[in-house]
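Colleague: This is what each chain is made of:
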Amino acid sequence: MADTSQMKVSDEIAITIDNMNKWYGSFHVLRDINLTVNQGERIVICGPSGSGKSTLIRCINALEEHQQGSIVVDGTLLSNDLKNIDKIRSEVGMCFQHFNLFPHLTILENCTLAPIWVRKTPKKEAEERAMHFLEKVKIPDQALKYPGQLSGGQQQRVAIARSLCMMPRIMLFDEPTSALDPEMIKEVLDTMIELAEEGMTMLCVTHEMGFARQVANRVIFMADGQIVEQNEPEEFFNNPKSERTQQFLSQILGH
Amino acid sequence: MSDKTTNSIAFVAEGTIPESPPPARETGVYKWARENLFSNIPNSILTLVALALIYSVLSNTLPWLLNGIWTTSSLAECREVLDGKVGACFSVLSERWNQLLYGFKYPTEAYWRPNLALVLLLIALAPVLFFDLPRQLLGFTVVYPFIAFWLIWGGSILVPVIAFLGFVAAAVVFQRFGKGSFAAGFFGALVAALVVWKVGGFLIPEGASENAMLSSVPSRDLGGFMLNMMLGVTCVSLSVPLGIALALGRQSSMPLIKWICVIFIEFVRGVPLITLLFVASVMLSYFFPPDATVDLFLRVVIMITLFSAAYIAEVIRGGLAALPTGQYEAADSLGLDYPQAMRLIILPQALKISIPGIVNVAVGLFKDTTLVSVISMFDLVGMIRGPILASTEWNGVYWELLGFAAFLFFIVCYGISQYSQWLERRLATGHR
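One line per chain: the protein sequences are A and B, in this order. Heads up, the first sequence is in my numbering, so the first residue is 1 and it goes up one at a time. Heads up, the second sequence is in my numbering, so the first residue is 1 and it goes up one at a time.
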C-alpha cells in the first residue's frame with residue numbers, strides 16, 4: 001500500500017473553522033477551535049475519550065449546533081438556514097461508529113436513496129453508480145441483501161459506499177473501526193486508504209495510529225475540548241511537544 | 001479366514017440389514033400422546049381433568065347447537081317444537097337476518113347497494129394491505145370512499161363528485177405550493193377545498209336528491225352490522241394517518257405544534273369514549289349555528305376517529321422512540337430534508353415496530369363501534385337490544401343473538417390479527 005502521507009495537497013480551502021465554541025448546557029465541550037483544512041488533506045483527530053473529537057466533526061455537517069464562531073464548508077457558511085445545512089450535508093459524507101445503515105432497505109437501496117431523493121438522479125443512473133462504489137468497496141455481490149445479513153466490516157464498507165454515492169467533496173469518519181472485530185478493521189482501513197490515495201479530503205476520528213502514520217498528512221491531538229497539538233505524523237509520533245500528548249501516546253502505544 | 005474369532009478387530013458386513021419398522025410405542029399417536037399428554041403423573045392428571053372439562057363443555061353446548069331450530073317464527077313456537085329438549089332457537093337469526101345486517105329502516109330494495117360497497121371495499125383495500133400488488137390499483141382506492149358514499153347514502157351523484165373535486169383541488173394546490181413552504185401549501189389546499197365545496201354547494205339543484213338515480217337514505221336509517229363495518233373501516237383508515245401526524249407533532253421542535261398535540265392526546269385519552277359519543281349526539285349541535293346540520297354519522301366518525309387517533313399516536317411514539325438516534329443522524333448526514341427523512345427512513349421502521357400496537361387499537365376500536373347503540377343508533381348490538389329483543393316474538397332469546405354478534409365480530413377481528421402477523425413476517429429483514 002502506498003504511503004500517502006507525503007501526497008501533495010492543493011491550496012484550495014475545503015473547511016475553515018474560526019474560533020468555534022460549543023456548550024452542552026453549561027458544559028464547555030469545544031473551546032476556541034481554529035482549523036483550516038485544504039482540499040485533499042487527510043487529517044486524523046485523536047485524543048482521550050470525552051475530549052470533543054466526535055463533537056468537532058459532527059459540528060462540521062451540523063449534526064451538532066455550535067454556539068460561537070463560524071464554520072465555512074466549501075465556501076458555504078454554516079448557519080441556521082436549513083437550505084445551507086442541507087447543501088453542506090450533501091457535499092459532506094459521513095461514516096459513523098455504528099454504521100447506521102437503514103435496516104429496512106437493501107444494500108443497493110441504501111446506496112441509491114439519497115442520490116435519487118436529494119440529488120434527483122434518475123434511478124438507473126443512481127443504481128449504476130451505487131454498483132460502481134459497491135465494487136470499489138469489494139461487496140457488489142451483497143447488493144440485494146439487507147444490512148442485518150452482513151458482517152460488521154461489510155456494513156461499514158457499505159456505509160462508506162453509501163456516502164460516496166453522493167459524490168461528496170469531503171468525508172468525515174467518526175471512529176469507523178471502533179465497533180468492529182479486530183479481523184474486520186483491516187478491510188475497512190484498506191478501503192479508507194484507497195480513498196485517501198484518490199485524493200479525497202478526509203477528517204477521521206480514530207485510534208488506529210498505524211493508519212494515522214500511513215495515511216494522514218496531519219494529526220490533531222485534542223484534550224478537554226481544545227486542540228492541544230497538531231503536526232505532521234512523523235513529527236507528531238516521534239517528537240511530541242506537549243506533555244499531555246506524550247502521556248496519551250505512551251498510554252496508547254505503550255503495550 | 002472363514003473361521004471368525006470373537007476378539008478379532010477385522011469385520012466385514014455379510015449383507016445389508018433389512019429395514020424394519022420402529023417399535024410400536026415409538027411412533028404415531030402413541031408416541032405423541034405419551035410425550036405430550038402423559039409424560040409424568042401430574043401431567044397425566046392434568047390431561048384427564050382437561051379432557052373431563054372439554055367433555056362437559058361440549059356435552060352441554062353441542063346438543064344445543066345441533067338441535068337448533070332455524071325455521072319457526074317466534075320463540076314460543078321454538079319451545080313448542082323443542083318440547084322440553086335442549087336446543088337453540090336460531091330462527092331469530094334467519095327471521096331477522098336482514099335487520100341484523102342492515103338495520104330495520106334501510107330500504108329492502110336497496111340492500112344490493114351496501115353489498116356492492118362491501119365487495120368494492122375488498123378491492124380498494126387490497127393494494128393498501130398487500131403492497132406487492134400493482135400500484136395502479138391505488139387509483140381505485142382513492143375514489144372508493146366517494147363511490148361507497150354514493151352507494152350507501154344514495155341521493156344526488158353531484159355530492160360525492162363535488163366532494164372529490166374539492167380534494168383534487170386541495171391536492172393540486174398543495175403540489176404547487178407545498179414545495180416552497182409546507183404551511184403555505186397546507187393552508188392553500190384547505191382554502192381551495194373549501195372554495196370548491198362552497199361553490200359546488202350552490203350548483204346542486206334544490207331537491208336533486210329526491211329524484212336521484214339511487215334513492216336517498218338518511219344516516220338515521222343505517223343500522224345493523226353494516227353500521228359497525230362502516231364506522232370501523234372509516235375510523236381506522238382516518239385515525240392511522242391522524243395518529244402519525246399527532247405522534248410526529250408531539251416530537252416536533254416547534255413548541256406550539258408540540259403543545260397542541262400533547263394537550264390533545266392527553267385530553268382525549270383521559271375521557272371515556274362514551275362521553276365523547278354523547279357529546280357527538282347531543283352537545284355538538286349546541287356549538288354549531290342553528291341551521292348547520294352536521295350529519296350524525298359524521299359526528300360519530302369524528303369523535304371515534306379523534307379518540308383512537310390519540311391512542312395510535314402514543315403507540316407510534318413508542319415506535320419512534322425505539323429507533324436509534326443514529327437513524328435520524330444518518331438521514332440528516334445524507335442531506336435528506338425532514339419530510340423525506342420521515343417518509344423514507346423513520347416512519348417505515350417506526351410503523352413496523354408499532355404494527356402490533358396499532359392492530360391492537362384497531363381491533364379495540366372496531367369492537368367499540370357497538371357503543372353507538374347507547375346514543376340510539378341501531379348497530380348490530382343496538383338492533384339486538386332494541387327492536388329484536390323488545391318484540392313479542394323474540395323476547396328472551398339472548399344466547400343465540402349475542403352469540404351471533406360475538407361470532408361476526410370474532411371473524412373480522414381474527415382476520416385483522418392474522419393479517420398483522422403476516423405483515424410482520426413479510427416486513428422482517430433479519431435485523432433485530
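Check the hints yourself; a few may be wrong.
[As the list claims (entries may be wrong)] Derived DSS-like pairs (lysine-lysine); straight-line CA-CA distance at most 25 Å:
1) K352/B with K145/A
2) K123/A with K138/A
3) K87/A with K120/A
4) K123/A with K179/B
5) K352/B with K83/A
6) K367/B with K258/B
7) K120/A with K179/B
8) K145/A with K83/A
9) K87/A with K367/B
10) K352/B with K367/B
11) K186/A with K136/A
12) K179/B with K258/B
13) K258/B with K83/A
If you are wondering where the hints come from, they were derived from the structure by calculation, not from laboratory data.
Colleague: Straight-line Cα separation of K367/B and K258/B no greater than 25 Å?
Modeller: Violated: K367/B and K258/B sit about 31 Å apart, past 25 Å.
Colleague: Checking one constraint from the list: CA of K145/A to CA of K83/A, max 25 Å. Satisfied?
Modeller: 34 Å, violated
Colleague: Take the C-alpha atoms of K352/B and K83/A, compute the straight-line distance between them, and say whether it is at most 25 Å.
Modeller: 31 Å, violated
Colleague: Taking 25 Å as the top limit, are the C-alpha atoms of K87/A and K120/A close enough?
Modeller: Status holds; Cα separation ~14 Å.
Colleague: Compare the distance between the alpha carbons of K87/A and K367/B with 25 Å, and conclude whether the hinted pair is satisfied.
Modeller: 50 Å, violated
Colleague: Within 25 Å, alpha carbon to alpha carbon, are K352/B and K367/B?
Modeller: Holds. K352/B to K367/B sits at ~24 Å (cutoff 25 Å).
Colleague: Next pair to validate is K123/A with K138/A; report whether the Cα-Cα distance is within 25 Å.
Modeller: OK: K123/A and K138/A at ~22 Å, within 25 Å.
Colleague: Take a quick look at whether K123/A and K179/B sit within 25 Å of each other, Cα to Cα.
Modeller: Between K123/A and K179/B the Cα gap is close to 21 Å, so the pair holds against 25 Å.
Colleague: Quick one, are K258/B and K83/A close enough, alpha carbons at most 25 Å?
Modeller: 23 Å, holds
Colleague: Straight-line Cα separation of K352/B and K145/A no greater than 25 Å?
Modeller: 19 Å, holds
Colleague: Is the Cα-Cα distance between K186/A and K136/A 25 Å or less?
Modeller: It holds: about 15 Å lies between the C-alpha atoms, which stays within 25 Å.
Colleague: Given the proposed pairing of K179/B with K258/B, does the C-alpha separation stay at or below 25 Å?
Modeller: 23 Å, holds
Hints 5, 6, 8 and 9 from the list above are not met by this structure, while the remaining hints are.
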